[in-house]
Amino acid sequence: MKLLRDLGRICWSDKSSLFGGLVLLVYIFLAIFGSSIARLTSTENPAAAFLPPGRGHILGTDFYGRPILPQLILGTRPIMEVAVLSGIMVVFIGVVVGLASGYKGGSVDYLVMRFVDVILTIPGLPLIIVISAVVHSANPFVLAGILSVTGWAGLARAVRSQALSLATVDFVEAARIQGLPLRNMISKQLLPNVGPYVAINFLLAINGAIYALVGLFLLGVAPVSGTNWGTMINLAMSQGALYSSSSIYYLFAPMAMIVLLHMAFIFFSRALDRLFNPRLRVA
Amino acid sequence: MISYLARRLLVALLTIFVVVTISFFMVRLMPGNAESYLENQLIQQGGLSSAQIQERVNALLGIEPKAPLWKQYFQYLRDIVHGNLGHSMINPSTSVLHVVGNALPWTLFSVGVALLISFGLGVVGGTIMAAFADSFVGRFLTLVVSFLTAIPNYLIAIVLLYLIADRYHLLPSQGAYSVDTSPGFNLPFVGSVLSHSVLPIASYVITAWGGWALSMKGCVVNTLGADYVRAAESWGLRRRRVTQSYLGRNSMLPMVTSLALSLGFMVGGSVFIETYFSYPGMGFYLIQAVNSRDYSTMMGCFLVITVSVVVANLAVDLFYPLVDPRIVSPIGRKQSETDIDVGSGVVVGPGPVSATSGAAR
Amino acid sequence: MSTATDKQSANSSAPHTAPLIEVDHLTVAFGEGTRAVRAVDDVTLTVGRGDLYALVGESGCGKSTLAYSLLNLVTPPGRITQGRVSFAGRDVTRMGRRQLESLRGAELSMVFQAAMNAFNPVLTIGRQVEHILAAHPGVFADQAEGRAYFEHLLQMVQLSPGEVWDTYESRLSGGMKQRVAIALSLLLKPSVVVLDEPTTALDVLNQRLVIDILRSLYESLGITIIFITHDLAVVAELATRVGVMYAGRLVETGTVDEVFLDRRRHPYVEALVSAIPSVLSGQGVAHAIPGQVPDLRNLPPGCRFAPRCPLARSSCSDGEPPLLADRQGHAVACFVVNEDHDQDLVVSQ
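Protein chains in written order, with the numbering used here: chain W, 5 to 287; chain V, -10 to 350; chain D, 63 to 411.
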C-alpha cells in the first residue's frame, strides 16, 4: 500500500521515527516470544544479591540474587498485553460513541456530549486507582477495562465532530444519489478523515495505559501475578535499593525499559503524524 | 455569554454529582470486601457479639441495611453536602473530613506551584524552540524535551529520591515540613516547608514543562504563519508590537485551554509523587487508604480530589473569556474542530498527557 | 470597456509616466538548491505613478508572490534570490527592518487576499488602527486626527464607523472586512496600494461594490493602485495597464487596450480573452484552454506555454522567448507573434 511505502520512507529519512519503529518491534517481539527466550531463575542466592553485570547475569542481579534481564524480558508481556487491550477498547468505545452520537444528532448527541464532558473532567488516575482497589482482579481484560474508563472520551469527541459534518451533508442521501453503497461512504469519506486521528490516538492510548498500569503496580494497588516492570521497581524500593549504590541496576533497568518504550511510542506517533499530514514532512 | 457560563456550571455540577454517585455505589458494591475485612478485624479484636459486629460494620460503612436503596442514597447525598464524609475505618475516631481538610492545602500548594512553574518554563522554552527552530539550540532543546516527556513522573520522583535525598542527602525526602519547626509564619517553618517541597515540585515540573514547551512551540509556529501577522507587518507595525499583541496573545489562547486539562492530570500524578515523598497531601492519603483498605477515607479523598479538579476547571473556564474576547468555550476549543487537524498537534497538553492521552488523565 | 479610451487618454502616450515601482529581474524561489522552485522567474516590469495596474494570471503563476515582494514580505521558505524592487528609487529588497517598517503602510500598503484573516482575532478593529497610527507618528498630529481620517475613509467604503471601531473581526462579514482592509490600506496616505485579489472571495454584489469603491478612491485620492486578479472582466473595467504572468514569467505587458485589442498579443492572453463570453455575441462556443499550467518543478523546455499553444512550433522549445516591446511600450514574450510583426521591437528587460 502506498501508505506503507510512505511510512517506510519517513522512517528511513528521520532517525527518530526509525528508532521508534524498531524499538516498538523489539518490544512486541519480546512480548510475544519472551517466554521462549528467557526463564526465571527460581533459586534464590542471597550471596549474589545486587551484583553488577557479569557472566550469567548481563544486567546484574536482584535482591535474591536472581538475574535481572530475564525478569525484564518476561515482564514485557503482561504490560504490553493489558496496554494494547486497553488501547483497543479506548478506540472502539470512542469511535462507536462518537459515530453514533454524531450521526444521531439532536438531543441524543447533546446528552452524550455532556456525558463526555463529565468524563473528561474527572481525573482519570485517581478513578482508576479507586476502581482497581475495589475490583481486585488480575485478569488482563478487567485491568484493561479499568484503564480505559476515561480514555475514550477525547476520541469520541473528535469522531463525533467528523460524523456530524458528514451527517449534515446527509451522506446517506448523497450516497444514494451517487449510487454508492453506504459502506463506501464510510470507508471513503469518514475513515480517511478520522483514520489518522484514530491511529495516532490508539498509540497514545496504549502509551497512557502503560503509564497507568506501571503506576498501579508501583503503588501496589493492582494485584500482582508474575513479574513485571512496575513490580520490579516496587520490590526494589521496598528492598532498600534506594539506599545502596550497588542496587542501581535493579532499580534503573526496569525504569529504562519503561522510558525507552514511551520514547518509542512518541517518536513513532510523530512518524504517523508526518505520514498523514504531509505538511509536516518538510521540516 | 450567560449560556456559556450556565453550561459550564451545569457540567461541573453534573460531574460532581456523577462522582458522588459512583462513590456511593462503589461502597455498596463491595460490601463483601469491606464488610468481611472489618468483620475479621473486629472478630480478632474480640469482645463483641456477631450482632454487635454487624452493627458496627454497618455504622462505619454507613449502611442501613433495612432502608431502601434510594433512601440510603439521599442520606448519603445529604451527608456529603453537610461535609460529613464518614470516619476512617482504620481510626474510627478520625473523621475523613479532618484528614482531607489537612491534606488538601498541601496538594493545592505543591500542584499549584508546580503548574505555574512548568507553564512558565514551557512558554519560555516553547518560544525559544519556535524562534530558533532551525538552529542547534532549537533542535537540541526539542530533543531534550522529547526525552523528558517520555519519562513518567513517578520515575523522576524515584530518581530524585534516590540521587538527591537518599544518596547524597541534599534535600529532605519526607513530609511537608520538618517536625522540629512549629507551624506558623515564622522563618524556620516557612524555610522548612520550602525545602521539603522542592523535590516533589521538581518531580512535577521536570516532566511537565516539556509538554508545555512543545505545545507553545506548536502554537507559536501556527501563529507565525497566520495571515494577520503578515498583515500587521504590512502595516509597518514594530516587531515588538507584533510579537506581543499579535503573536504572543494568540499563541497563548490554546495554552490556556490546556491549563484546565493538565490540572486534572497533575492532580492525578500527585498520587505517586506524594507517596514517594511522604508528602501529606490528598494523593498520599488516598494511596494509604487504598493499601489499608480504609474505604471511607479512600472515597472521601477521591471525592475531594475530583471536586477540586472540577472547581479548578470551572475557574479556568470562567477566566477564559477574559483572555479571548470571542467568548468561545474552551471546551469548544479543545473540541474536535481543532483536534481533527492532526497536523497541528496531536501532542496537545503538557507533560505526559501528550504521551498518555488515553488512560490516565 | 467604454471608459477604455478615457483611461487611455488620461494616461497619455508613454506607458511609463514617472516610474514609481520598478521590478528588475526579480526571482523569488522556494526551497533549497537545485530543487528550488522559482515562483517568480526573472520578472521585469514598471508601474508608473497614477497607473491602475492589473497583474493577471492563473492561480500559481506567481502574481501573489510578486505582490508580496513589492513590500519585501516574502516569508521563508520563499526568498528573493535575484534582482530587486525599487520604490521611488529606493531598493526595497535591500532595506533594513526599520526602514521597511516606516515604508510599509505609509508609502506602500497592501490589502491581502481574503482579508477575512487579516485582522487579529483578539483585538478590536479600533485597537489595531491605534497600533497602526502609533507605529507611524509622523502622519497625523495625534490619534484623534488619525481616527477621524479613518472614519472618513470608512464612509468612502460605505461602512459606518460605529459598526467597525469597537468590533471584533469575527463579527464582521467577509465583504465588510475586505472594505475595512481597503480603508486601512489608505489610512496613512500611501502613494501605492497593492491589492491581492480584491474581488475574488466576494459575492457578486460585494464585487461590484469593491470595484466602484476602488475606482472612486483612485479618482479622488490620486493613488497608484496595483491589483492582482485572475478575473479579466475586472481588469477590463478597472485597469489602465496590465501585466500578464504565466508559470512565473511575465509574458505580456501594456495598456489595457493594447492587451485586449492589439493584434500582436501573446497566445495565452488571446486565449484568455476569447474565453470570455460576450453578452453581445449571443450564444457562442466557450473556448477553454486545453492542457494545464505546467508544474513549476517540471517545466517544459523553452517557452512554458508551448505545450498548450495553438501557434507553437518545434523551435519554441529551444529557448525562452524574450519580452520584446514596440514603440508604445506594449511588450510580448512570444517567438511566433513577435516574428510576424515587423515593427521595431526592443528588448523590454
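Everything labelled a hint here was simulated from the structure, so no lab data went into it. Owing to the predicted nature of the structure, the values given are computational and were not obtained by experimental measurement. Please note that the accuracy of each hint is not assured.
Here chain V is said to cover these stretches of chain D; the calculated rule only asks that three of the stretch's residues, wherever they fall, bring their Cβ under 8 Å from a Cβ of chain V [as the list claims (entries may be wrong)]: (1) 285 to 292; (2) 323 to 329.
Examples of chain V residues toward chain D, derived with CB under 7 Å [said to hold, decoys possible]: (3) W59; (4) D216; (5) A220; (6) W224; (7) R227; (8) R229; (9) G237; (10) R238.
Heads up, the beta-carbon is just placed ideally off N, CA and C, and yes, glycines get one too.
Right, here's what the structure says about each hint:
1. 285 to 292: violated (count 0)
2. 323 to 329: Check failed, 0 qualifying residues.
3. W59: violated, 48 Å
4. D216: At 4 Å from the nearest chain D Cβ, D216(V) passes the 7 Å test, so the hint holds.
5. A220: holds, 4 Å
6. W224: holds, 4 Å
7. R227: Since chain D brings a Cβ to about 6 Å from R227(V), closer than 7 Å, the hint holds.
8. R229: Given a least distance of 10 Å, the restraint on R229(V) is violated.
9. G237: Because about 10 Å separates G237(V) from the closest Cβ in chain D, which is outside the 7 Å limit, the hint is violated.
10. R238: holds, 5 Å
Hints 1, 2, 3, 8, 9, counting from the list given before, are not met by this structure.
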